[in-house]
Each structure stands twice: as structure tokens, then as C-alpha cells.
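The residues making up each chain are set out below.
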Amino acid sequence: MPDFDTVLAGLGDALTLVNLLYVVAGVAVGQFVGAVPGIGPVMAMAIAVPFTFVMSPLATISFLMGVNKGGLFGGAIPAVLINTPGTPDAAATALDGFPLAQRGKPLKATKMALYASVTGDTFSDIVLITVSAPLAAVALYMGPVEVFCLILFAFSVIAGLVGESMTRGLAAAAFGLLCATVGLDPEHGTPRLIFGQFALYDGLPLAPVAIGTLAVAEILRRLAAMRGAARPAVAIPDAQDPADARVSWAEYWGCRATMLRGAVIGTVLGAMPGIGSTAAAFMSYASARQASSEPESFGKGNLHGIAATESANSAVVGANLIPLLSLGIPGSIGAALVISALMIQGIQPGPLLFESQGRLIYGLFGAMLMANFVNLWMGQLGLRLWARVVAAPESVVFPAALLLCTVGVYLSTGDLIGVWVMLVFAGIGLAMTATGYSVVVFVIAFFLGPRFELSLSQSLSITGGDPARLLEHPVALALLVLAVGSAWWMGVRQRAGR
Amino acid sequence: MTLDRLSGLAVAGLGLALLLFVIPDQVEAVDYGWVRPETLPSLAAAALLLLGLMQAATGRGGGGPDRRATARALLYLGYTAAAVWAMGRLGFVWVAPVMVLVLMLWLGERRPLWLAVGAGAVPAAVWVVVAGLLGRGLPG
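Quick mapping for you: the protein sequence lines, in order, are chains A and B. In terms of the numbering used here, the first sequence opens at residue 1 and continues consecutively. In terms of the numbering used here, the second sequence opens at residue 1 and continues consecutively.
Any given hint could turn out to be false.
Going by beta-carbon spacing under 10 angstroms, a handful of chain A positions derived as facing chain B [said to hold, decoys possible]:
hint, residue
1, 167
2, 176
3, 188
4, 191
5, 221
6, 223
7, 406
8, 416
9, 452
10, 458
11, 464
12, 467
13, 468
Since the hints were made in silico from the structure, they are not lab data. Beta carbons are placed, not taken as given, at the ideal position from N, Cα and C, and that holds for glycine.
Chain B extracted, bound-state conformation (with noise of 0.2 angstroms):
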């Protein structure tokens, strides 16, 4: 089966489990006025389902995605995440530096300039501008 299959398949399969579980669930129901809470919601995922089938019944896509960069992505996206997390915690000044820095040398960058310059100046500049002129919060 092919991506463009595959896809209008979960595309649908979206749009059904908003229709028959989510939006009953999650929208509160009304039985007056023009518009209710939940006929946006339901004609959207309604479009989905429908969108979804077309597109699995006549989709001829041929090569999917490069799984080895999606799987990358997706490992940077959990780093990021975790980062975020414990910036919640520690806070912005413990945690941003060792975030850049562990990206960069991921990233495979080892000039020390650069690497001071990433994980150094630029959470140094963002805590100057933000915490010391406006005086705004950072996380954390």
C-alpha cells in the first residue's frame, strides 16, 4: 500500500474517531442556536473522513518519506522536549546552554569559537535582553 493509502487511511481514521468518540466527549451539547459547539468540530472531522477515504481510494503516491531523517527528526523533537522539561524545572540559565551545546555537538560542530558562540553568547544575549532590559520572566 502506498504512502498516499496509508495516509488518507489515517486521515479518516482521525476524522471517524472525532466524530463517533472525541467530540461527543469533548464538547458540550446544545439544542438551540444556529451554530452549536460541536458543528464546526464535526463538519471538520466529517471533511476529514471523507477527505481521507478519496484519498486512500485514488492515492498513487509512490516513495514515502526518508524514514532514517523522520526517525532523526522525531529524536530531535524528544531532545527539544526533554529540554523544555527540565528548563521547567532547573530553569532558563542552567539549562539553555547545555541544551545548545549538546545539540551543536551532536551536530557534530567542535570549533570551540562556534561552540562558545551558540552555547555561550546566544543564551547570554537572550538572558540580557529579556531578563536585564524588559525584565521579563524566563522559564524556569
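Only chain A is shown next, with the shape it has when bound in the complex (with noise of 0.2 angstroms):
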């Protein structure tokens, strides 16, 4: 552990001019690029970190931070305003933002989804710098097995979000899942499903699959509606009730539990590699719907909604450097980015990393308090100017929307291959959402696949098949009692609903 004075002197170093310039630069990029559908942030990281090579360590890491934490907030803005994700993290953002915008309050809306973004941010990054290293030994503790019964348990939870067939909503996971086994197997090696196409070989990129079933589906489907009329893609009422502009102190409180329910969802999860961001909001929204009063109203522009979402992958940020920082392992694509950018900087992540840069771990904490202030500054100062870009006419955003999918899944794979698939996913979102089959759950197993099968074979050989052996793995062990609660809990739910 650094001593106070390393403490001092990391804070000292991030709370600078210079830093703070890099901290605003990489907000304002980040949340442009969230706003914009089918770049976001872990594409901006991805093109800006062999640039940062000409920066310092701690500059780096603030301007990447200001990326990552500008861009999860960011992608909520056409989620709410267009009912297209940014992000996959703000898919379920528009599951509440976008009808509440359809009332006539898109401000509220993405203010909403500010604040819960900048308070699950700011818990996460106090978890992370205060508790890391306790968190650390939990993450380290997660074997396997336990991993395994993590996923399955995510599932479960997010079985409830399958709407009213749940026969549909498995069979959407089933075929993520199938979606996710394209490429090398990860115990022997041998390429499957590929067709004869090597450039499969690593498997079908996120990026594409998720743009394309959520982001490109949906501007088709936006664009088959349109009949000729060019009108503002969401309507904001110039003269409107300063009410439903704001988001009331009262609101905000009385969303308290909510957003710390999905703040602590979203630090446990993010400190557990490989779960990732999406699927914190998804357990956040089926949590807080769950421990609702009036779960009916969840889907319909309830502001829990929104609060439960943003808070939960917001948090996952912070708390993914947990194991970066303390056994080198990136939590998520970003937090690989980040470990990137760290080795070109001659900074090897790892365990001893607190001892030999505790100087730069605190400034990298300064930062990060830094940036989710700048980020609420930014947010309240930029949402206007988001929403007049937003507000352009359906015939201009949606095109021009096409385009930078297009563009920004060539600049994410490489290739015009990864455009292909994205216009092919595209193809099968339109074919899912036509038939009643949730893409949703279908992009959130894609996700997970990879995660699941390795673990399901590490879990496999270190129980031998047994599951008596699940008795040595006592957390696993609650973890899977807890799945088939959670669904049975769903279950009952959902014949209740009926």
C-alpha cells in the first residue's frame, strides 16, 4: 500500500490544468461519440490509443477515462431521443428514455440519465479506490466454476426482460449463443462455423453484430416508416412546462435506491472480468422493475428506469480497473484499451503496479474523480446541443447515421468484411424484431458466449462432470441457488402479469 505521501503527490499531479485539459477534451469526445450511433467510446479508445503514444502516462489515462466515462453517458442520448443505442450499454437506457421522450420530455429524459450515469460513476470510482484491494481478493477468489454459475445466473436475471414469451426470449439467447461458438473452440482450437472465411477465424466482432441488430436494424426500421414527410426525429417542445425540462431534487432522491442498487450492481459485476457493462444494465432494469410497485409502468418512460441503467454501466468503468490494476486482468474492452495504452508507456499492469506507480494510480484516481465532474459540467452544458443535433430531420440523421455505422465498423475490424456482417446482423434484427424474438437478449448471449463456453469447460475439468464437486465451491454453489431463484421468481412474475 503507498504511503499518504505518494497519495498526495498522485492526487496533486491529476489536479492540474493540463490534466484537467486532457480530462474535458476526452469527455467532449466521448460523449459525441457515444451520441453518435455505431462509433462509441471503445471505438474512439481503440483509433486514439496508438496517439497517445506522444502523451504522458497519467495524460493518457486521463484522456481515455474522459473518453470511456463521457461515451457510456453519451450513448444515452439518441437511446433516449431516437431510440437507437449509442452504445450496446444504452440499449436498455431506451427501454424508458425513449418513451418518456415520445411524452414530450426528452430533457428530462437524458438529464435523468446524466445524473444516474455521474452518480453510479462517482460510487464505482469510490469503491475502486477505497475498497480495490478487498474487491481485488473477491475477484481473485472467482474461479471458474464460479464465473460459470455468474453467467447462468445473469441469464436467469435477464430472462426477465424476455417480455411475454419466454419461449422466444431463450430461444433469442440460444441463438447468441450459437452466434458466439463462430471461430477457434477455446479448448482444442479448430475452427467451426466459419464457412470458409479465415477472417472468421477470431470469432464474429462484437462491434458489427451489436450495431447491426441494434443500431442499423433499427434505422431501417425508422426509415421504412418514414412516408415522405421530413419531420424532426423527436420532437422538442420549445415552449414546454420547465417541469418536464428538469429533473427535480425530488425525482433525483426518489430514485436513490435505485441508482445505488444499480451502482453496487455495476461495481460487483465490473470487478468481475468479463461481464461487462451490458449486461449490468440489463440485471440493474430487471432488478429495479422487479423491486417496483408499479412494474407495469417500467417500459413506459418510468425515470427508475432509466436511473436503474445508467447507474449499473456507469459503475462497471471504475470498478473494471479493479482487476486490471490488481492482477493486470482488463474487465471489458475498454479496460484492455487502457492496459494498452499502458504498455506503450512502458507501464507493465499487474499486481506490483501500486508499489512501483502508486504515484500514478492515485493521479489516475484524481483523474477519474475529475472526469465524472466534467462529465455532469459537459452533460448539462452539451444536452441541448445534443438534442438539436439529434432533433435534425429523419431524413438527414438517419442516412448520415448509416453512413458512420458503416464507417465506424470499418475503422473497428479493419476490413469491409466487418461491414458485411454488420449488414447481414442487420438483416436478422429485422427478421427477430419482426417476429416478436428480442435482440436484446440475443446480443447480451452473443456477448456472453465466449465467457460461457470457456468457463463451462474449466468447470468441467476441475469438477470432473461431478456435481457433487459443486460443494467445494460454496459461492458458486449460492450463485447457482440464486439463478434458479431469480428465474422461478421471474416465472411466478410473469403468470402474475397475465
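Two independent chains are provided; combine them into the complex using the hints.
This is how it looks when you write it as C-alpha cells:
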């Protein structure tokens, strides 16, 4: 543990004007790219990493964390305004954000997303700073058996989101798992379902699949729904009741339990490698709906729905750094990019990082806290600007978004094969939506698929295929019980709902 | 037959085709290890078959999708695919403005300023940021 002088020196390094400018630049870029469907903070980070070579280590991390944090909130803006999540993490935000915007309260919805995002993010950062060592120990304790049971638990909770038909939801999950098996299998290294395309050896890339099914399919649906009239993508009333354009303290405070629950879910899942912010957002949404006395109001513009998802997905950012800083294991794609940037600077992440680079780590913590305030400030300033940008005519917004999705996917994959994958999955997304199969469940299953298969394989090796040996893994057993209990409870709730 | 049942049969058909033809042909057979290459794909395909049949047996969905809207969405998808194909051959600079312009005109947009923003400013901004500032390549 670094001494107090190192902590103060690190925080002092962060709180300089130059570093503040890097944070501001990162948050501005993040909010912008997050607001544009198809680009997203991860892609912006990937593009930026090679250019951080010319920056100092602290400036590099400050800028990248700014992009990541700004992007997570930015992704909520198009999700709320045009029902097109800027990032997969924001897909759950659209469930209640868009209906609220449709009811003439787009600014209230986006502001709730901003406040919940900053609240969850700050909670997670405080946890990271104060109890990162104990949480890292818990993450270290999570072996493959526990991770497998955790993913099962995540599936069982997410099953609560499948709507009226559990059958269709499970089929969407099975299809997601099937698509996740494309590429080399993790145990034997043999190619599967690649149809002679060597570009698929690494599997179907996440960005084209997610952007195709979630963003491009939605753009195509919106284009198809247009009937010649050039109208704004979302109507933002010029003169409206001020109460509809802001989030009052009472409304914010009323969501405190939802945000706290979301922040805890995001922090716990973020501390465990591989689960990620999308699953956290949906788990938080499902648990908020479960806990609500008015579950039927979810999906119709309930502020708690927005608060739950945004607090959870933003809380993942800080917690993702726990395994990264303590074990050198990235918890997400964003954390992996931070690792790349650190390695470009000659810094090796791992257990010795707190000892060898204590000042840098506390500088990073200072920059993260600063980024939260900057995110809040720039979000307040930028909301109307983003709203105006997205409120341009649909005939401009959607063709431009289609072009940006194409370019963004091309940049993320480096060739047109990624773009073709995106278009194929846009077609699949259209077909699934038209027939009532959840594309969101599909994307989550696809995202968790590789981790699911790997942990299943490792779990069977560890237990020798003997279920009784689960008793040697009490955490896994508890998660399994929770998964079964959660599935049962959601089934009961669903039947009661009918 | 309702859309629910039809889609259930389609899903079951997909699962069956995967189990009978695609997985045996596209997954290398390995006879050792706890989780073999075909294990998870086969489990997923079997789940699709089972769930599809359940859907076909119990589905009671009423109205289907708006056929005209679906056809229009597929037309736009085909148009985008054609534009991507052209972009791969002629390059972003030539195809992107035309792609956006034709789409905007197709949607009924006639205002010169918005046409200029969509077909001129947006592709130009993308080119300046990606190729100019970041030095990354664009399609073509």
C-alpha cells in the first residue's frame, strides 16, 4: 500500500490545468462519439490509443478515462431521443428513455440519464479507491466454476426481460450463444462454422453484430416507417413546462435506492472480468422492475428505469479497473485498451503496480473523480446541443447515422468484412423484431457466449463432471441457487402479470 | 397459421438444419475433452429446435408485421449493401456523398440546405476526422 505522501503527490499530479484539459477533451470526445450511433467510446479509445504515444502516462489515462466515461453517458442520448442506442450499454436506457421522450419530456429523460450516470460512476470510483484491495481479493477468488454460475445467474435475471413469451426469449438467447461459437473453439482450437472465411477465425466481431442488430436494424425500421414527410427525429417542444425539462431534487432523491442498487450491481459485475456494462445495465433494470411497486409502468417512461440502467452501466467503468490494476486482467474492452496504452508507455499492469507506480495510480484516481465532475458539467452544457443535433430531420439523421455506422464498423474491424457482418445482422435484427424475438437478449447472449463456453469447459475439468463437487465451491453454489430462485421468481411474476 | 406458429416452425427448421447438416459439415469432430467443438453449437441448435416446436405448438400471436414496412426496410438494406459494395470498389470519397444524397432524395427530402448538410458536410467531416486528423484509411 503506497504511503500517504505518494497518494497526495498522485492526486496533486491529477489536479493540474493541463491534466484537466486532457480530461475535458476526453469527455467531450466521449460524449460526442457516444451520441453518434455506431461509433461509441470503445471505438474512439481504440483509434486514440496509438496517438497517446506522444502523451505522458497520466495524460494518456486521463484522456482515455474521459472518453470512456463521457461515452457511456453519450450513448444514452440517441437511445433516449431516437431509440437508437449509441452504445450497446445504452440499449436498456432506451426501454424507458424513449417512451418518456415520446411523451414530450426528452430533456428530463436525458438529464436523468446524466445524473444517474455520474452518480453510479462516482460511487464506483469511490469503491475503487477505498476498497479496491478487498474487492480484488474477491475477484481473485472467482474461479471458472464461480464465473460459470455467475453467467447462469446473469442469464436467469435477463430472462425477466424477454417480455410476454419466455420461449421466444430463450430462443433468442440460444441463437446468441450459437453465433458466439463461430471461430476457433476455446478448448481445442479448431475452427467452427466459419464457412471457409478465414476472417472469422477470431469469431464474429462484437461491434458489427451489436451495431447491426441494435442500431442499423433500428435505422432501417425508422427509414421504412417514414412516408415522405421530413419531420424531426424527436419533437423537443420549445415552450414546455419547466418541470418537464428538468429533473427535480425530489425526483432524483426518489430514485436513490434504484441508483444505489444499480451502482452496486455495476460495481460488483465490473469487478469481475468479462461480464461488462451491458449485462449490468439489464440486470439492474430487471431488479429495479422487480423491486418496483408499479412494474407495469416500466417500459413506458419510468424514471427509475433510466436511473437503474445508467447508474449500473456507468458504475462498471471504475470497477473494471479493479482486476486491471490489481491482477492485470482487463474486465472489459475499454480496460483492455487502457492496458494497451499503459504498455505503450512501458508500464506493466499487475499486482506490483500499486508499489511501483503508486503515484500514477493515485493520479489516475484523481483524474477519474475529476472526469465525473467534467462529465456532469459538459453533459449539462451539451444536452441541448446534442438534442438539437439529434433533432435534425430524420431524412438527414438516419442516412448520416447509416454512413457513420458503416465507417465506424470499418474502422473497428479494418476491412469491409466487418461491414458485411453488420449488414447481415441488421437483416437478422429486422427479422427477429418483426417476429417478436428479442434482439437485446440475443446480443447479451452473444456477448457472454465465449466466456460461458470457456468457463463451462474449465468447470467440468475442475469438477470432473461431478455435480457433488460444487459443494467445494460455496460461492458458485450460492450463485446457482440465486439463478434458480431468480428464474422461478421471474416466472411467477410473469404468470401473475398475465 | 399465425405468425407465432410460422416463426416457431422457421426457428425449429433452423435448429434441425444446423443439427443435421451445418454442424457436422462445419465443425471438426474431436473425440476427447469435456466440451468438444460441437458441444455448445449442438446444444444451442437443439434448444432452437425444441423452443421452435414449443412456439409452433403454443403460439397464439395475432397480427403479423406490416408487410409494406418490412419490404421497404429490406429495400433500404439492399440499397445499403449495394452502396457498401460500390464503396469497396470506387472508394468512400466518391460513393459516400452519392449514397447519402440518393437516400435523402428517396426519403423525400428536397431542402437544399439539408441536402448539402447530409450529402456534403457529413461525409466531408468523416473524411477530415478519419483520414485527415487520425490518418486512418476509409473504405476503397
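Against the structure, the hints:
1. Proximity of residue 167 of chain A to chain B holds as hinted, the smallest CB-CB distance being about 5 angstroms (cut-off 10 angstroms).
2. The criterion of a C-beta within 10 angstroms of any C-beta in chain B is met by residue 176 of chain A, whose closest approach is roughly 8 angstroms, and the hint holds.
3. With 10 angstroms as the threshold, the beta carbon of residue 188 of chain A comes within range of chain B, its nearest partner Cβ sitting at about 5 angstroms, so the hint holds.
4. Checking residue 191 of chain A against chain B by beta carbon gives a least distance of about 7 angstroms; that is within 10 angstroms, so the hint holds.
5. Taken as an interface hint, residue 221 of chain A checks out: its beta carbon lies about 6 angstroms from the nearest beta carbon of chain B, inside 10 angstroms.
6. Hint status for residue 223 of chain A relative to chain B: holds, with the closest Cβ pair at about 5 angstroms, below 10 angstroms.
7. Interface hint at residue 406 of chain A: satisfied, since its Cβ lies 6 angstroms from the closest Cβ of chain B, which is below the 10 angstroms cut-off.
8. Taken as an interface hint, residue 416 of chain A checks out: its beta carbon lies about 5 angstroms from the nearest beta carbon of chain B, inside 10 angstroms.
9. For residue 452 of chain A, the shortest C-beta to C-beta distance to chain B is roughly 8 angstroms, which falls under 10 angstroms, so the interface hint holds.
10. Because the closest C-beta pair between residue 458 of chain A and chain B is about 9 angstroms apart, less than 10 angstroms, the hint holds.
11. With 10 angstroms as the threshold, the beta carbon of residue 464 of chain A comes within range of chain B, its nearest partner Cβ sitting at about 9 angstroms, so the hint holds.
12. At a threshold of 10 angstroms, the smallest CB-CB gap from residue 467 of chain A to chain B is about 13 angstroms, leaving the interface hint violated.
13. Restraint check, residue 468 of chain A versus chain B: the minimum CB separation of about 16 angstroms is more than 10 angstroms; hint violated.
In terms of the numbered hints stated before, the structure departs from hints 12 and 13, listed from lowest to highest.
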